[in-house]
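Offset between the sequence shown (1-based) and the working numbering: plus 174.
Worth flagging that the hints you see were computed from the coordinates, not collected in a lab. All values reported here derive from a predicted model rather than from experimental measurement. By construction, the Cβ of each residue, glycine as well, lies at the ideal position given by its N, Cα and C atoms. The reader is advised that the hints may include incorrect statements.
Said to hold, decoys possible - Straight-line distance between alpha carbons at most 27 Å, and here's what the computed BS3-like set of lysine-lysine pairs gives:
id	residue 1	residue 2
1	K300	K406
2	K392	K406
3	K316	K352
4	K316	K347
5	K316	K355
6	K388	K405
Claimed, not checked - Here are the computed distance ranges between Cβ atoms for each label pair:
id	residue 1	residue 2	range
7	G373	K270	16 to 24 Å
8	G291	E377	31 to 39 Å
9	N294	K349	19 to 27 Å
10	S423	K349	28 to 36 Å
11	F253	A413	14 to 22 Å
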Amino acid sequence: DRAGRRKKSSRKKKPQNILKHIVLAVVIVIVVLAVCALGYGFFEMRIEQSGLEIDQQSWSQQSSEGGGQEQWQAEGAPFIDVELLTPNPYSRSQEKTDKITGIVIHYTANPGATAIGNRNYFEGLKDSHETKASSHFVVGIKGEIVQCIPSSEISYASNSRNSDTLSIECCHKDKSGKFTKETYQSLVELVGWLCQRFGLTSEQVIRHYDVTGKNCPKYFVEHEDEWEQFKKDVDVQIAVVEQEVETASQQ
């Protein structure tokens, strides 16, 4: 009788043991999957970080080959705060430009916005997917200049001329779109330097309006005389830069 009871007890335990093993196996599988998911997430993050590091290294190499910030300033460039966008399909596709044959001037149409604020808006498009937009440079109300896109890559600013032009967005204080003295001066210096660097004349500096008919930059579209004066000031700046380049080459 005791032997019979032991056999019955043993039969009862077998299903329980099988169930325990199944539960244990399921737990192990869940843990393994969780570890794999965490590992994949970490791997993706490292790839993104690596890509950003490579991009920054590439920029440093380009700067070094082109003389760098100090050399640029010795050759007539204003100070440029390089804050390149993270590569993404909405604001920095990394598509290469054709030969640069022009510079397009824009205004932000967002009174009171800052240069870095506009740059950060472009950066945010990689997450919001709101639209495709960016600019090579943004000039702020206080004259600060932020670079968002390398000059070797297209920006999403000038429609049919994206492929062969550099774009410059300009901040402004009010709805008139008129630039502050600081913005205007930095814009003249930046455009003059870029013209000299890419072998352009002031006639190859155009408004967004000249590409699409859009009222941009508003003040220069509505005040043609001011636009013509701006190009004259750019001509003067090109001559200044050419002289500084010649002086720097003799040192």
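For each hint, the structure was consulted:
1. K300 <-> K406: 38 Å, violated
2. K392 <-> K406: Holds: K392 and K406 sit about 19 Å apart, inside 27 Å.
3. K316 <-> K352: 13 Å, holds
4. K316 <-> K347: With Cα atoms ~10 Å apart, K316 and K347 stay inside 27 Å; holds.
5. K316 <-> K355: 8 Å, holds
6. K388 <-> K405: Holds, at roughly 20 Å.
7. G373 <-> K270: 16 to 24 Å: 18 Å, holds
8. G291 <-> E377: 31 to 39 Å: 32 Å, holds
9. N294 <-> K349: 19 to 27 Å: 22 Å, holds
10. S423 <-> K349: 28 to 36 Å: Given range 28 to 36 Å: violated, Cβ gap about 45 Å.
11. F253 <-> A413: 14 to 22 Å: Distance hint for F253, A413 holds at roughly 21 Å.
Against the hints set out earlier in the document, violations occur for numbers 1, 10.
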